[in-house]
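Could you slot chain Y onto chain E? The hints should help.
Note that the protein sequences, when read in sequence, are chains E and Y. At position 99 of the first sequence the residue is numbered 266 (our numbering), and the sequence of numbers has no breaks. At position 65 of the second sequence the residue is numbered 144 (our numbering), and the sequence of numbers has no breaks.
Calculated directly from the structure, the hints in this document are not laboratory data. We put the beta carbon where it would ideally sit given N, CA and C, even for glycine. One or more of the hints may lead you astray.
Pair by pair, the computed Cβ-Cβ distance ranges are [claimed, not checked]:
| # | chain 1 | residue 1 | chain 2 | residue 2 | range |
| --- | --- | --- | --- | --- | --- |
| 1 | Y | 158 | E | 248 | 39 to 47 Å |
| 2 | E | 250 | Y | 156 | 32 to 40 Å |
| 3 | Y | 96 | E | 177 | 33 to 41 Å |
| 4 | Y | 118 | E | 250 | 17 to 25 Å |
| 5 | Y | 96 | E | 184 | 44 to 52 Å |
| 6 | Y | 136 | E | 181 | 41 to 49 Å |
| 7 | E | 169 | Y | 161 | 25 to 33 Å |
| 8 | E | 236 | Y | 158 | 44 to 52 Å |
| 9 | E | 169 | Y | 175 | 15 to 23 Å |
| 10 | E | 237 | Y | 149 | 37 to 45 Å |
| 11 | Y | 184 | E | 172 | 22 to 30 Å |
| 12 | Y | 184 | E | 250 | 17 to 25 Å |
| 13 | Y | 132 | E | 275 | 38 to 46 Å |
List time: in silico DSBU-like cross-link candidates among lysine-lysine, alpha-carbon distance up to 30 Å [unchecked claim]:
| # | chain 1 | residue 1 | chain 2 | residue 2 |
| --- | --- | --- | --- | --- |
| 14 | E | 273 | E | 235 |
| 15 | E | 273 | E | 216 |
| 16 | E | 273 | E | 223 |
| 17 | E | 273 | Y | 90 |
| 18 | Y | 136 | E | 273 |
| 19 | E | 277 | E | 216 |
| 20 | E | 216 | Y | 136 |
| 21 | E | 277 | E | 244 |
| 22 | E | 223 | E | 277 |
Each chain, written out:
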Amino acid sequence: GDSVTQMQGQVTLSEDDFLFINCTYSTTWYPTLFWYVQYPGEGPQLLLKVTTANNKGISRGFEATYDKGTTSFHLQKASVQESDSAVYYCVLGDNNNAPRFGAGTKLSVKP
Amino acid sequence: EAAVTQSPRSKVAVTGGKVTLSCHQTNNHDYMYWYRQDTGHGLRLIHYSYVADSTEKGDIPDGYKASRPSQENFSLILELASLSQTAVYFCASRGRNYAEQFFGPGTRLTVL
Numbered sequence: 168g169d170s171v172t173q174m175q176g177q178v179t180l181s182e183d184d185f186l187f188i189n190c191t192y193s194t195t196w197y198p199t200l201f202w203y204v205q206y207p208g209e210g211p212q213l214l215l216k217v218t219t220a221n222n223k224g225i226s227r228g229f230e231a232t233y234d235k236g237t238t239s240f241h242l243q244k245a246s247v248q249e250s251d252s253a254v255y256y257c258v259l260g261d262n263n264n265a266p267r268f269g270a271g272t273k274l275s276v277k278p
Numbered sequence: 080e081a082a083v084t085q086s087p088r089s090k091v092a093v094t095g096g097k098v099t100l101s102c103h104q105t106n107n108h109d110y111m112y113w114y115r116q117d118t119g120h121g122l123r124l125i126h127y128s129y130v131a132d133s134t135e136k137g138d139i140p141d142g143y144k145a146s147r148p149s150q151e152n153f154s155l156i157l158e159l160a161s162l163s164q165t166a167v168y169f170c171a172s173r174g175r176n177y178a179e180q181f182f183g184p185g186t187r188l189t190v191l
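Chain E with its partners taken away, still in its complex shape (with noise of 0.2 Å):
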C-alpha cells in the first residue's frame, strides 16, 4: 500500500544550522505531497504542498523539492531558528480517501 517515511524521529540543531529532514514515499501515482508543522500544544498546520505540476514548494525559509526519480521530498532550511522547534509531518496526500502521514521528526533547536 501507499506509505511515507521518516526515519528520523529527532533531530537536534543549534541556531543558524541547517535543517535536512528526510522523506520518502511509495505509490503507485505521482501524488501530491504535503509538509505539516505541530508546534507543541497545538495541532498539525500546513508548512507546505507541492504537486506534480509544481515540484518545489517554498514557504517561511523552508523548501521542499518533490524528486520522482528517487521518490523522496526532503524538507530542507538554511538556517534554523529556536521557534522552529517542532515536529514535522512528511504527508502523502490522497483525494479519494486519508492522507498518509509520515511518522514525524522532532527538531529541537538549541539557542
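Positioned in the frame of chain E, the structure of chain Y alone reads:
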C-alpha cells in the same frame, strides 16, 4: 479563515464509561478525520468521512465509533473507555482536490 473546533478541550473519564468527542467545522469541507496522538508519538488515523451519514475505518478503529450526522459535525464515540485510550485526539477537515487539512486544537482525554 478555515475553522475546526473541538469539544470538550479536556476530559477525564472512568474506565468502562462512555465518552463522546465532538468536532465542528465551518469550512464547508466534505472530508473529516479523527486522529489520536500519544505522548511523544505521531498521528494515527481512527475514522474518517467524506460525506454526511457515512464513515470509514482508519488504521486503528477498534474501540471507537464515529458519527457524521451533518457536513459540519463529526463525533468520535468510545462506548467502553479503557486506560489505553488516554491520548490527545485531533479532528481535521479537508476540501476536495488534494486540499490541505485543517486541524482542531485537540481534546486531551484521560481515562482513569
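Here is what the structure says about each hint:
1. Against the hinted window of 39 to 47 Å, the Cβ-Cβ separation of residue 158 of chain Y and residue 248 of chain E comes to about 46 Å, which satisfies the hint.
2. Checked against the given bound of 32 to 40 Å, the beta carbons of residue 250 of chain E and residue 156 of chain Y, roughly 38 Å apart, stay inside it.
3. A C-beta distance of roughly 36 Å is found between residue 96 of chain Y and residue 177 of chain E, which places it inside the suggested range of 33 to 41 Å.
4. In this structure, residue 118 of chain Y and residue 250 of chain E meet the distance hint of 17 to 25 Å, their C-beta atoms being roughly 23 Å apart.
5. Take residue 96 of chain Y and residue 184 of chain E: their Cβ atoms lie about 48 Å apart, and the range 44 to 52 Å holds.
6. A C-beta distance of roughly 44 Å is found between residue 136 of chain Y and residue 181 of chain E, which places it inside the suggested range of 41 to 49 Å.
7. Checked against the given bound of 25 to 33 Å, the beta carbons of residue 169 of chain E and residue 161 of chain Y, roughly 30 Å apart, stay inside it.
8. Taken as a hint, the range 44 to 52 Å holds for the pair residue 236 of chain E and residue 158 of chain Y, whose Cβ atoms sit roughly 48 Å apart.
9. For residue 169 of chain E paired with residue 175 of chain Y, a C-beta distance near 19 Å keeps the hint of 15 to 23 Å intact.
10. Between residue 237 of chain E and residue 149 of chain Y the beta carbon distance is about 44 Å. The supplied range of 37 to 45 Å therefore holds.
11. A hinted range of 22 to 30 Å holds for the C-beta pair residue 184 of chain Y and residue 172 of chain E, which are about 28 Å apart.
12. Distance hint check: the CB atoms of residue 184 of chain Y and residue 250 of chain E are about 20 Å apart, consistent with the given range 17 to 25 Å.
13. For residue 132 of chain Y and residue 275 of chain E, the hinted distance range of 38 to 46 Å is satisfied, since their beta carbons lie about 44 Å from each other.
14. Using a Cα cut-off of 30 Å, the hinted pair residue 273 of chain E and residue 235 of chain E holds, with the two alpha carbons roughly 25 Å apart.
15. For the given pair, residue 273 of chain E sits about 20 Å from residue 216 of chain E by alpha-carbon distance, which is consistent with the 30 Å threshold.
16. A hinted pair counts as satisfied when its Cα atoms are at most 30 Å apart, and residue 273 of chain E with residue 223 of chain E qualifies at roughly 23 Å.
17. Under the criterion of a C-alpha separation no larger than 30 Å, the hint pairing residue 273 of chain E with residue 90 of chain Y is consistent with the structure, at around 27 Å.
18. Among the hinted pairs, residue 136 of chain Y with residue 273 of chain E is consistent with the structure: their alpha-carbon atoms are about 28 Å apart, no more than 30 Å.
19. Only pairs whose Cα atoms come within 30 Å are accepted, and residue 277 of chain E paired with residue 216 of chain E is accepted, the gap being roughly 27 Å.
20. For a cut-off of 30 Å, the pair hint linking residue 216 of chain E to residue 136 of chain Y stands: about 26 Å separates their Cα positions.
21. Proximity of residue 277 of chain E to residue 244 of chain E is assessed by CA-CA distance (about 15 Å); at most 30 Å being required, the pair is judged to hold.
22. With a C-alpha separation of about 28 Å, the suggested pair residue 223 of chain E and residue 277 of chain E falls inside the 30 Å cut-off, and the hint holds.
In this structure, every one of the numbered hints holds.
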